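Asker: Sequence:
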Amino acid sequence: MLRWSPSLLLVVVALLGAGRVSAQGVDSNRLILSRDRNVEVLLVEEKAYAGASHTLGWLYYDDLVSRGYVDIGNPDDPNDDVLIDVEGNGIPDFHEDLYNLNPDRGYIGEATRCIPERIFFHRRAETGDVLRLREPELLTGGCTSATSYSPNGGPKRWPDGVPDYPERPVGAVVGQRVRDATDLVDASGNFRPGAVPGLLDAYFSDRGVFPHVPNLLEPDDSQNGHMGLGNIILLSADDDANLCPGSPAVECLTPRLASRGPGQPASVGPIWDLSSALDGLPDYKASAFGPDGRVIAGRDVTAAIDEEDRRVSLGTVTGGREIVFFLVTYLEHEYDGATDACFLSAVTPEGRYQCELWGHGDINVFFSKTILNLDLHQSVSTDRVTTVNPSSTWLTPTGYSRLQSREYGKVQIVESFEMDAWSYQQRTPHVLMLAPMESTDTWVMTWEDLTAGGDRSFNDLTLLIRGVGLEPTVTRLEHQGGPIIEGEPTFFTAYVTDVPGVPLTTGSVSFYVNGDFVTAQDVDGAGTATVDLTFFPMGEHHVSAEFGGIDNVYSWSTSEELLVVAEPGDGGSMPDAGQPDGGPRDAGTPDAGGFDAGPQDAGAPDSGPIDAGEEPDAGDGGGTTPEPDAGDDGGTTPEPDAGDGGGTTPEPDAGDGGGTTPEPDAGDGGGTTPEPDAGDGGGTTPEPEPDAGDGDAGTTPDAGTEDAGPSDPNGPSEPELPGPRDLTVTGWGCGATDASSASFVMLALWVGVSFLRTRRKKLD
Numbered sequence: 002m003l004r005w006s007p008s009l010l011l012v013v014v015a016l017l018g019a020g021r022v023s024a025q026g027v028d029s030n031r032l033i034l035s036r037d038r039n040v041e042v043l044l045v046e047e048k049a050y051a052g053a054s055h056t057l058g059w060l061y062y063d064d065l066v067s068r069g070y071v072d073i074g075n076p077d078d079p080n081d082d083v084l085i086d087v088e089g090n091g092i093p094d095f096h097e098d099l100y101n102l103n104p105d106r107g108y109i110g111e112a113t114r115c116i117p118e119r120i121f122f123h124r125r126a127e128t129g130d131v132l133r134l135r136e137p138e139l140l141t142g143g144c145t146s147a148t149s150y151s152p153n154g155g156p157k158r159w160p161d162g163v164p165d166y167p168e169r170p171v172g173a174v175v176g177q178r179v180r181d182a183t184d185l186v187d188a189s190g191n192f193r194p195g196a197v198p199g200l201l202d203a204y205f206s207d208r209g210v211f212p213h214v215p216n217l218l219e220p221d222d223s224q225n226g227h228m229g230l231g232n233i234i235l236l237s238a239d240d241d242a243n244l245c246p247g248s249p250a251v252e253c254l255t256p257r258l259a260s261r262g263p264g265q266p267a268s269v270g271p272i273w274d275l276s277s278a279l280d281g282l283p284d285y286k287a288s289a290f291g292p293d294g295r296v297i298a299g300r301d302v303t304a305a306i307d308e309e310d311r312r313v314s315l316g317t318v319t320g321g322r323e324i325v326f327f328l329v330t331y332l333e334h335e336y337d338g339a340t341d342a343c344f345l346s347a348v349t350p351e352g353r354y355q356c357e358l359w360g361h362g363d364i365n366v367f368f369s370k371t372i373l374n375l376d377l378h379q380s381v382s383t384d385r386v387t388t389v390n391p392s393s394t395w396l397t398p399t400g401y402s403r404l405q406s407r408e409y410g411k412v413q414i415v416e417s418f419e420m421d422a423w424s425y426q427q428r429t430p431h432v433l434m435l436a437p438m439e440s441t442d443t444w445v446m447t448w449e450d451l452t453a454g455g456d457r458s459f460n461d462l463t464l465l466i467r468g469v470g471l472e473p474t475v476t477r478l479e480h481q482g483g484p485i486i487e488g489e490p491t492f493f494t495a496y497v498t499d500v501p502g503v504p505l506t507t508g509s510v511s512f513y514v515n516g517d518f519v520t521a522q523d524v525d526g527a528g529t530a531t532v533d534l535t536f537f538p539m540g541e542h543h544v545s546a547e548f549g550g551i552d553n554v555y556s557w558s559t560s561e562e563l564l565v566v567a568e569p570g571d572g573g574s575m576p577d578a579g580q581p582d583g584g585p586r587d588a589g590t591p592d593a594g595g596f597d598a599g600p601q602d603a604g605a606p607d608s609g610p611i612d613a614g615e616e617p618d619a620g621d622g623g624g625t626t627p628e629p630d631a632g633d634d635g636g637t638t639p640e641p642d643a644g645d646g647g648g649t650t651p652e653p654d655a656g657d658g659g660g661t662t663p664e665p666d667a668g669d670g671g672g673t674t675p676e677p678d679a680g681d682g683g684g685t686t687p688e689p690e691p692d693a694g695d696g697d698a699g700t701t702p703d704a705g706t707e708d709a710g711p712s713d714p715n716g717p718s719e720p721e722l723p724g725p726r727d728l729t730v731t732g733w734g735c736g737a738t739d740a741s742s743a744s745f746v747m748l749a750l751w752v753g754v755s756f757l758r759t760r761r762k763k764l765d
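According to my numbering, the sequence shown is numbered sequentially starting from 2.
A portion of the hints provided could be inaccurate.
Stated by the list, open to error - The calculated EDC-like cross-link candidates involving lysine to aspartate or glutamate, where the alpha carbons are at most 20 Å apart (straight line), are: (1) K411 x E439; (2) K157 x D456; (3) K411 x E309; (4) K157 x D181; (5) K411 x E41; (6) K48 x E333; (7) K157 x D337; (8) K157 x E168; (9) K48 x E335; (10) K157 x E335; (11) K411 x E472; (12) K411 x E561; (13) K48 x E323; (14) K411 x E308; (15) K411 x D337.
The hints are simulated quantities; they were obtained by calculation from the structure and are not laboratory data.
Predicted model, so just to flag it, every value in this text is computed and none were measured.
Full structure from sequences and hints, please.
Answerer: Spelled out as structure tokens, the structure:
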């Protein structure tokens, strides 16, 4: 049973913010968890294959704000924030520090790799100002190589003939490809003998904890000058058949060695490419590393890769703080619509941004928050970069298949609306995200790993993120047991827990019969909700319970349906499920009814003389206050059965003068086969009594006839023979008949009772 929950919709809206997304699409430009959560990431598919690899991480957006990189605009609009440029040179400070581009801002890290620094000067096209800048060491091979800056040589990557792109612009460019370091690689882009590890670790590096990851995105460490803001999820998202160092060199820029702890250089390993299987498992021992990207004490980073490496923990992510994912890519951007990155942009006469200082190289960084990206969206007619159908055109067949497998929690993507990737401030988006309605605590995240949108596939890297939405719940429904009788209430209990089994003590459970809502009940302190349900007509019914969730915390969940069968009542033709008369015609002693609790003959013929005393009921010659039970000379309180001297408080049995409401079965002592004389306390053959409860024994629906005995006060002393109104019980329920087979009477009574039942609330 699939129902939209208001709490689910509320969380989705909160996640979406002001971004342009559809239905369950998640706006990657504002990712905020409602509370502290333990989050984990699973690699679903890496589609880059040979010649490409990635490092995945995340950071808190407010760390960028507090560091002075971002000016928050409208708090309700995640896309109008502005990257701050303190120096006023046109290059955002965040981008300068990411690549250590501005020598006047110091160095994010211990010190520059190249001494002397590789300084160049760039004249701004708009103002004519001359900027003093440093060649980015992440885009530089050997320190003694020729300068990579060219005032008119950019962009070096520009796709000619791409529809909706402008004419190839002209601008300055800085940076090198891995292929340009001819002492590191040969003409095919493969490592030269002896280049690993020395030149590999030294070239295209700002040093730090991981040579080829920007120091600003590393975990805080003395090796990055305690300026690192990032957290590492996957040191390498590689999942292909290649094995470094035999792969193309650019792919092998992914971290090769690992650090044992803060301040310790990367020296453990090598950790890269321990597997050539394409199985959704990272090609390194991911489970041996903590959320800071360092080795967990006692773990072997060279151990065989197995299932435990599929899930990678981010640790506890603080609720209420916006998070941003980043992807460091190691690949040659030579495909489809890819261009160089852009360090410095200028406004064109057409009012659009175009780059005047391009960044050329194979180490690029993309962010889930679009305005942080360095590459420009080049299409001139629309800000929409791509449109996908989540359930059919978004992922590869392998991606869909893996998500639906047991290892990934059988995630089904059923959404078929269009999901768009939008450009903001003309920066290129690189992430699409979805919160599947069938898996409320997960995000599916995909990346486009080429600059300027590349081939617009947005499935080069597919990830499943757990613990980010509404925490899943489990609702279990149980019936109290026993038969379910048509028209009679029966109890059902719903048990609500989280996935580990901890009861949830707030929220409400709705109960459904045959798909229709019946009632709702709040859960109690034990996480249960109990209701009584009545079923009509008899036959099969489907019962289910649905927990409505808790806003921003827990998702709704539905129990499995219980199939119940309502059976017909088997207790008789009357509502009290008793026999028609509960005994023979003389079902009690003469004073067994309230009318004559002490008849004129007070106990005759079985209780003593015809006139056993002066009082009407006496039976007791002592002249004492008469007891209710005529003919009993024990003086005790009468039992509900006339003539029984048991002395207990009378039960509500027909003919009892206590004035209480009669029990359902008049004259029947609990469903057993009646004795010949229900009022004979001695077990002897009963004597006929004048009136065994006339006027009470059967006027109410308590399974007795209107006259359960003769009216003759001096009847025969031996058991009488059946007469036309004597009911001799021959069975239970509708099959119980008398000597005259009063089936028509029973049928009429049954019809009447059925009419009364139909006035109850019907569940169908």
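Asker: Does each hint hold? Answer for all of them.
Answerer: We went through each hint and held it up to the structure:
1. This hinted pair checks out: K411 and E439 have alpha carbons roughly 10 Å apart, not beyond 20 Å.
2. At most 20 Å may separate the alpha-carbon atoms for a hinted pair to count; K157 and D456 meet this at roughly 18 Å.
3. A threshold of 20 Å between alpha carbons decides the hint, and for K411 with E309 the separation of about 18 Å falls inside it, so the pair holds.
4. Our distance criterion of 20 Å between C-alpha atoms is met by K157 and D181, whose separation comes to about 13 Å.
5. For the suggested pair K411 and E41, the alpha carbons sit about 16 Å apart, so the restraint of at most 20 Å is met.
6. Note on K48 and E333: the hinted pairing holds, with a Cα-Cα distance of about 15 Å set against a maximum of 20 Å.
7. Only pairs whose Cα atoms come within 20 Å are accepted, and K157 paired with D337 is accepted, the gap being roughly 14 Å.
8. A threshold of 20 Å between alpha carbons decides the hint, and for K157 with E168 the separation of about 14 Å falls inside it, so the pair holds.
9. Restraint check for K48 and E335: satisfied, since their Cα atoms lie roughly 16 Å apart, inside the 20 Å limit.
10. A distance of roughly 10 Å separates the Cα atoms of K157 and E335; the hinted pair therefore holds under the 20 Å criterion.
11. For the hint linking K411 to E472, the alpha-carbon distance of about 16 Å falls within 20 Å, and the restraint holds.
12. Among the hinted pairs, K411 with E561 is consistent with the structure: their alpha-carbon atoms are about 17 Å apart, no more than 20 Å.
13. Straight-line distance between C-alpha atoms of K48 and E323 comes to about 28 Å, which puts the hinted pair past the 20 Å bound.
14. A distance of roughly 16 Å separates the Cα atoms of K411 and E308; the hinted pair therefore holds under the 20 Å criterion.
15. For the proposed pair K411 and D337, the alpha carbon gap of about 34 Å is over 20 Å, so the pair is violated.
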